[in-house]
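Asker: Chain residues, written in single-letter form:
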Amino acid sequence: MFDIEAIRNDFPILGQQIYGKPLVYLDNAATTQKPQCVIDAVNHYYACDNANVHRGVHALSERATADYEAARKIIAGFFNARSEREVIFTRGTTEAINLVASAWGGANVRAGDEVVITHMEHHSNIVPWQMLCERVGATLKVAPINEQGELIIDAFEALLNEHTKFVGVVHMSNALGTINPVAEIIAKAHAVGATVLVDGAQAAAHLAVDLQALDADFYVTSAHKMYGPTGVGVLIGRESILDAMPPYQGGGDMIRMVTFEKTEYNELPYKFEAGTPHIAGAIGFGKAIEYIQGIGFDLIGKREKELLAYATAKAESFDGLRQIGTAGEKACVLSFVLAGVHPHDLGTIVDREGVAIRAGHHCAMPVMQFFKVPATARASFSIYNTKAEVDTLFAALQKAQAIFA
Amino acid sequence: MFELRDLYQQVIVDHNKSPRNFGKLASFNHEADGYNPLCGDKLHIYLNVSDDGIIEDVSFEGEGCAISVASASLMTDALKGTELAAFQQRFEGFQHMVTADIDEEPDTDVLGKLAVLSGVREFPSRIKCASLCWHTMKAAIEDSGKAAKTE
Chain A
1 MFDIEAIRND FPILGQQIYG KPLVYLDNAA TTQKPQCVID AVNHYYACDN ANVHRGVHAL
61 SERATADYEA ARKIIAGFFN ARSEREVIFT RGTTEAINLV ASAWGGANVR AGDEVVITHM
121 EHHSNIVPWQ MLCERVGATL KVAPINEQGE LIIDAFEALL NEHTKFVGVV HMSNALGTIN
181 PVAEIIAKAH AVGATVLVDG AQAAAHLAVD LQALDADFYV TSAHKMYGPT GVGVLIGRES
241 ILDAMPPYQG GGDMIRMVTF EKTEYNELPY KFEAGTPHIA GAIGFGKAIE YIQGIGFDLI
301 GKREKELLAY ATAKAESFDG LRQIGTAGEK ACVLSFVLAG VHPHDLGTIV DREGVAIRAG
361 HHCAMPVMQF FKVPATARAS FSIYNTKAEV DTLFAALQKA QAIFA
Chain B
1001 MFELRDLYQQ VIVDHNKSPR NFGKLASFNH EADGYNPLCG DKLHIYLNVS DDGIIEDVSF
1061 EGEGCAISVA SASLMTDALK GTELAAFQQR FEGFQHMVTA DIDEEPDTDV LGKLAVLSGV
1121 REFPSRIKCA SLCWHTMKAA IEDSGKAAKT E
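For the protein sequence lines, the chains are A and B, in the order given.
At position 12 of the first sequence the residue is numbered 12 (the numbering used here), and the sequence of numbers has no breaks.
Every number in the numbering used here is 1000 more than the matching position in the second sequence, counting from 1.
These aren't lab readings, by the way, just hints derived from the structure by calculation.
Glycine residues also receive a C-beta, built at the ideal position from the N, C-alpha and C atoms.
Mixed in with the good hints there might be a few duds.
As the list claims (entries may be wrong) - The following residues of chain B were derived to be distant from chain A, with all beta-carbon distances above 10 Å:
(1) His1044
(2) Gly1064
(3) Glu1083
Said to hold, decoys possible - One-sided and incomplete, this derived list gives chain A residues near chain B with beta-carbon spacing under 8 Å:
(4) His344
(5) Ile349
(6) Arg352
(7) Gln398
(8) Gln401
(9) Ile403
(10) Phe404
Claimed, not checked - In silico PhoX-like cross-links for lysine-lysine, where the CA-CA straight-line distance does not exceed 25 Å:
(11) B/Lys1024 x B/Lys1080
(12) A/Lys141 x A/Lys188
(13) A/Lys372 x A/Lys387
(14) A/Lys372 x B/Lys1128
(15) B/Lys1128 x B/Lys1024
(16) B/Lys1017 x A/Lys372
(17) B/Lys1113 x B/Lys1042
(18) B/Lys1138 x B/Lys1080
(19) B/Lys1042 x B/Lys1138
(20) A/Lys21 x A/Lys372
(21) B/Lys1080 x B/Lys1042
(22) B/Lys1128 x B/Lys1113
(23) A/Lys372 x B/Lys1024
(24) B/Lys1017 x A/Lys399
(25) A/Lys372 x B/Lys1042
(26) B/Lys1024 x A/Lys399
(27) B/Lys1128 x B/Lys1042
(28) B/Lys1080 x B/Lys1017
With the hints as constraints, model all of the structure from the sequences given.
Answerer: What follows is the structure in structure tokens.
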């Protein structure tokens, strides 16, 4: 059973008032709130176990190492990675993509090769590939989307050929909510011999991801969009590919043996984890995943679908509201513009009603350009949101319209 | 408590709905782009300064929120016909108003109609919306050739 009161009570931040009104947090696509168990896990590490990992022989270091590696194991299980060696901690999705673009791309993408992404990527799955293509003389190709904000799969397939070295695709769009058919995309890309990265920053808290079933070469995500801490994320990669890749950054922990003549690199996953990692963050990330597992994706999916359907029905009958992103397969995101009210003014006005939404380009300017809007307002939902909160949002939108009437 | 109507005063709503001095000037001798990378607000200012240093005409184009459009509308109205030499002082006066302590009453003798924008002080994330046009105006006067930014 989905006990909404119990879930809301797990998140201490939700109980507060903003300008004298109950906080309605609808900016979950930017970052999710943290349950008490995650806050406690981070606290516990600093209060009881703080030490560096992988090097001390003392008790604290052994405890810190055990908890850090336990988190890796939880994450490997959650995504059904083939082994823990495939799970590399990064600062987040952005660093994970940069790692792949730099280390894998630098070694594998040559002049004349082609890199394919989609029109709905956010900047962190665009810019690293632009930088790579510019550096090596490869060509960046962009698969188009339709008016609903769905990938045009035939047009995507038409871009694939023997020169396609790499395909980067977002699992779920942060600006539109669109869920891409990633299994199909991966199969088509593999058919021409391309390597595929799936950007799961937005998807991983909402959909069950089975990396072995998907057959993804790289999957990346950030803890903070999954009820975990900021500043930590993962790159999960196919072991054979990671093994063949040169390191990304050099430093401590990523080496086995250093002399001034030569350095021997450490084995996976440590080869890609130079320097002291975000230990508390990784431990909190593991706890956040256990929290998600404790509820289960069956209930999460059902709940979030209901909320989105409720909000979408209200949006459709709201005078002057135009939804941006109406894909058949979408989740948790209601992106829109309101006639006569600029999204930034809307953001300020609803904030005074206690409602937190995002107004802007959502780090996906090409999506805004496609829909010919400078910005959108975006309400994004999570497991702890309620229909009453959706009602509060729409009442606040009415207030905004009244101000500009 | 500070109310929304203090930010979105009727004057601001009106200027947003029908901005004054909107569009490209037929003849101008200064221009500049303004851009707010955080929210995507874009502005272009056209300026015609006479030989004896009078701002004969000034206009703007672009898209943005109500605060940025109203601010540009009010600014162009306020600067038209004034001496170029006085701009820096007005620029500083406006900057001071939008960043001053909330208890400080804006000097309406100096600021005139611009004082309606003093409400942005209560909304830190919106101050740059009000000041983008002023930075752009400054860039136009200085002919820097660089897009003005509020960041």
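Asker: Now tell me, hint by hint, if it's right for this structure.
Answerer: Hint by hint, here is what the structure shows:
| no. | hint | in the structure |
| --- | --- | --- |
| 1 | His1044 | 14 Å, holds |
| 2 | Gly1064 | 7 Å, violated |
| 3 | Glu1083 | 33 Å, holds |
| 4 | His344 | 4 Å, holds |
| 5 | Ile349 | 6 Å, holds |
| 6 | Arg352 | 5 Å, holds |
| 7 | Gln398 | 13 Å, violated |
| 8 | Gln401 | 12 Å, violated |
| 9 | Ile403 | 5 Å, holds |
| 10 | Phe404 | 6 Å, holds |
| 11 | B/Lys1024 x B/Lys1080 | 15 Å, holds |
| 12 | A/Lys141 x A/Lys188 | 16 Å, holds |
| 13 | A/Lys372 x A/Lys387 | 31 Å, violated |
| 14 | A/Lys372 x B/Lys1128 | 23 Å, holds |
| 15 | B/Lys1128 x B/Lys1024 | 23 Å, holds |
| 16 | B/Lys1017 x A/Lys372 | 20 Å, holds |
| 17 | B/Lys1113 x B/Lys1042 | 23 Å, holds |
| 18 | B/Lys1138 x B/Lys1080 | 14 Å, holds |
| 19 | B/Lys1042 x B/Lys1138 | 15 Å, holds |
| 20 | A/Lys21 x A/Lys372 | 34 Å, violated |
| 21 | B/Lys1080 x B/Lys1042 | 21 Å, holds |
| 22 | B/Lys1128 x B/Lys1113 | 19 Å, holds |
| 23 | A/Lys372 x B/Lys1024 | 22 Å, holds |
| 24 | B/Lys1017 x A/Lys399 | 17 Å, holds |
| 25 | A/Lys372 x B/Lys1042 | 14 Å, holds |
| 26 | B/Lys1024 x A/Lys399 | 34 Å, violated |
| 27 | B/Lys1128 x B/Lys1042 | 12 Å, holds |
| 28 | B/Lys1080 x B/Lys1017 | 20 Å, holds |
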